[in-house]
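Asks: Please assemble the complex out of the two chains, which come individually in their own frames, going by the hints.
Chain by chain, the residues:
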Amino acid sequence: MILAIDWMVFIEKLVLIIAVVSGSLIIAMYSTYMERKVAAVLQDRRGPSRAGPFGIFQPLADGLKLFFKEEIIPDFSSKFLFILGPSLAMLTAMMIGAVIPWGNKMHMFGRDISLQIADINIGILYVFGVVSMGVYGIMIGGWASNNKFSLFGAMRAASQIISYELAMGIALIGLLMVTGTLSLKEMVGGQMDHWWNIFKQPLGFLIFLICAFAECNRTPFDLAEAENELVGGYHTEYSSMKLGFYLFAEYINMFLSGAVMVSLFFGGYDIPFVNDIHLAENIGANWAAILQGLCLFGKIVCFLFLFMWVRWTIPRFRYDQLMNLGWKILIPLALFNMMVTGGLILLKQNHWHF
Amino acid sequence: MEITQILFWFLSALAVVAAVGVVLSKSPIYSVLWLIVVFFSISGHYILMNAQFLAIVNIIVYAGAIMVLFLFVIMMMNLNAEAEPAKNIYLKIAGVIAGMCLMIVFVAALAQSADIKVPIAKGTDIGLIKNLGKALFTTYVIPFEISSVLFLSAMVGAVVIGKKEQ
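These protein sequences, in sequence, are chains A and B. Counting from 1, one number per residue, gives the positions in the first sequence under this note's numbering. Counting from 1, one number per residue, gives the positions in the second sequence under this note's numbering.
Just chain B, same shape as in the assembly (with noise of 0.2 Å):
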């Protein structure tokens, strides 16, 4: 084994782990933990793409500003596990169906799929930072532009709610 194949299989592992950990954790405050555990294990994995913008971005977006302001609502409502009401047996039962259901249909999704069995080339540029400014300008800018407006718009409309009656 090489050392990315190791790497590649401890990231997966605990990604997988943390992940059962934010379903399974009593408390919401360890869910957000285990949650920021599995964003840093897909950082790594982009990393080992040699996609380190997309990996850095994900830890600066996701785990250090969306959880924070995660954390920052389940504190300020103070969630115990006492507090939260038992939820019914037969829900918990459809739940899992339905969960199981949706595993299923990606599975077996991803096993028919043609793209998943190309292997990424080894070496590509693509993910840095150089070579991601220049396709999002160049080749993507009308859809980047877009996007980029509908940010704004988002902004906008979230101060508007946001704002007191005067």
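Looking at chain A on its own, in the form it has when it is part of the complex (with noise of 0.2 Å):
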């Protein structure tokens, strides 16, 4: 035996990986329709509703026109640099979903098969890496565009990413002291049937959503891409499924950094109010893993929600705003809110003596 590999994991897996990303794929394709259903309700118009019964095929006619578009690449840009630029973007954005718990074990076939492609021990940590990979397929892309104002953008891109990811990781370090683990696993497992870790680090979660508007460039930061001032920004130059790969990418970004504040603060797969395993005993565990699936996609729907709302309420920051929220605000914010929680936990472990 050359390779000895346990293939049904590996068909497991790979069913779990196919699954993810085409999931990710239709749900960003349908956030699109979200959100211009979204706008349309909070500016008082109806929105698309010419495809299908309430423009319900209106993703599948955007998409169909992407494709069809005629692409262009500029004659002086890196054509190699200019391609990779949109594949990075995607890819990056794609590889989140694979730390993601998107339910509990299932019962199929004889074998436990547990609804998560990858239980890392440093779950957190690899979706911070991921995260900071991100900035290279804007930059990338911009700098391949050959272009004054997609350069800024992607500057621009890049210095917000690499600023708000500090205050990102400061604001975790105090949940990640009171839940002592960084798998996304054991936080959701921990958050099951207990208090959510959103009443035990409020501060923290409002950082960390600030800081998740930043990092998927959404406004009110999304200054990369300011069309007032930049054109289009890092995309200007680009056309058809490229510019439709940028695109895309930000609306996987915001589905699954839903999905990882889902799991940090409110419980992951957990069904509110109902007591999980006596579920699971009553009606059977995959009937239970599929109820906790539809759970956690609710709530991501409701994060979806808040991004859209939020886009089409506050206007956009100002560069120097955005850089002083960042460093000025947020980051001390962050230190505060660690300082105050290991000062809490101590405190405790004391028995509440000084």
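Because the hints were derived from the structure by calculation, they are not lab data. Where a beta carbon is used, it is the ideal one built from N, C-alpha and C, also for glycine. Please note that a few of the clues may not be correct.
Unchecked claim - Some chain A residues near chain B, calculated using beta-carbon distances under 10 Å: (1) L81; (2) L84; (3) V130; (4) V131; (5) M133; (6) L151; (7) S159; (8) I161; (9) I162; (10) V178; (11) L182.
Replies: Structure representation (structure tokens):
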């Protein structure tokens, strides 16, 4: 036997990976529809309504349109890097899905199948690693466009993502001290049928949420593509499906950052007000897992709605305001949160005596 | 061959090829991108040694932050292959000879050392974050704190230098 691999595990993981990737693609597709509908409701319009009932086929029409558009690669740009940019953006957006626990175990074909692609014991650090890789897609694409405005957009995106990553990391230290683990699976497990982490770390969550907006390049922090200053930002020169990849990566990022926030602070696949273990005993592990998955999905959709709500209500920040908020407000607040959490944990270990 | 061995050889070959790419690339942007590939393959080696924390920190800090800054600066300076001044041919030859001498010293030193021949014990858990944290905050707490003070002073120094005269 040359390659001693457990083929069943291999197939199981392969199916799971395909499901997660295609699932996040479909959800990203329908996020565009949802975004347009939410915008329409907030602006007292009707939104897309022509393609199919309630305009439900609008994303398909948009996708077809993007595919059939002419593909233009600027003459003086590096062709390889020009194509690498959107590919990297898409790749890094998808990779976060690997560590998110999508549900508890399912029992099928005589084996327990965990609904998580990889339960690594550094789960949340992996998310940070992938997020920090996300800059490259934007930077490479912006530089390879050989265009002043694209480069400006890329630089803004890079400095913004690096700045907000710091506050994000420090905000999470408090949560890590409370839960005592880095694995997302264990974090969700600790919240099952207990208080969710949002009640233990409200300030940490607030900082994390703001930073998530900045990391996804969403309004009010979409300085990288500010159309009235930079034409289109880093994707000015892009057309056809390569532009589509950049736009799509943003929606996948939104979906998966929603999933990360739900797993960290809102109990992950925990069904609120229901004792999950009893439920699994009553209706079987498989049905319980499906219900939990749906519950997780519902929570993520709430976050998607929040992202869109903010986009259509709050105007864009100015660049110096963005940097001031990141460095002078969020980082000190995150440090304060860390100190207070550490102090409280010490007090608790000491049975509330000084 | 076991799967870890295959991975080891693949990652090693990748690291060497990418390192050669760093040196041979005409454009500094490509050099930086090759260097990122090197960091990734080294992180892969760390994971093979079950040092997951080191692997991910290597990616976050080096590939994710320092290399982004490198890329940042190079893109801003707009270095093109044409703009690079032609170097003296003697300098190039001298550089090659010096580099080879360095490599001979390294190979000789590594071939003589006894440590290199000891195989790494399989299933070691020292690289996992729990054990690493315990080791850092008990056995090595003084060096750890001293190096953190060093980092702090470096940061303060950077702020002082970067501050505008008033």
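Asks: Each of the hints needs a verdict: does it hold here or not?
Replies: The hints, checked one at a time:
no. : hint : verdict
1   : L81  : holds (7 Å)
2   : L84  : holds (8 Å)
3   : V130 : holds (9 Å)
4   : V131 : holds (8 Å)
5   : M133 : holds (6 Å)
6   : L151 : holds (7 Å)
7   : S159 : holds (8 Å)
8   : I161 : holds (8 Å)
9   : I162 : holds (6 Å)
10  : V178 : violated (16 Å)
11  : L182 : holds (6 Å)
Of the hints listed earlier, the one the structure fails to meet is number 10.
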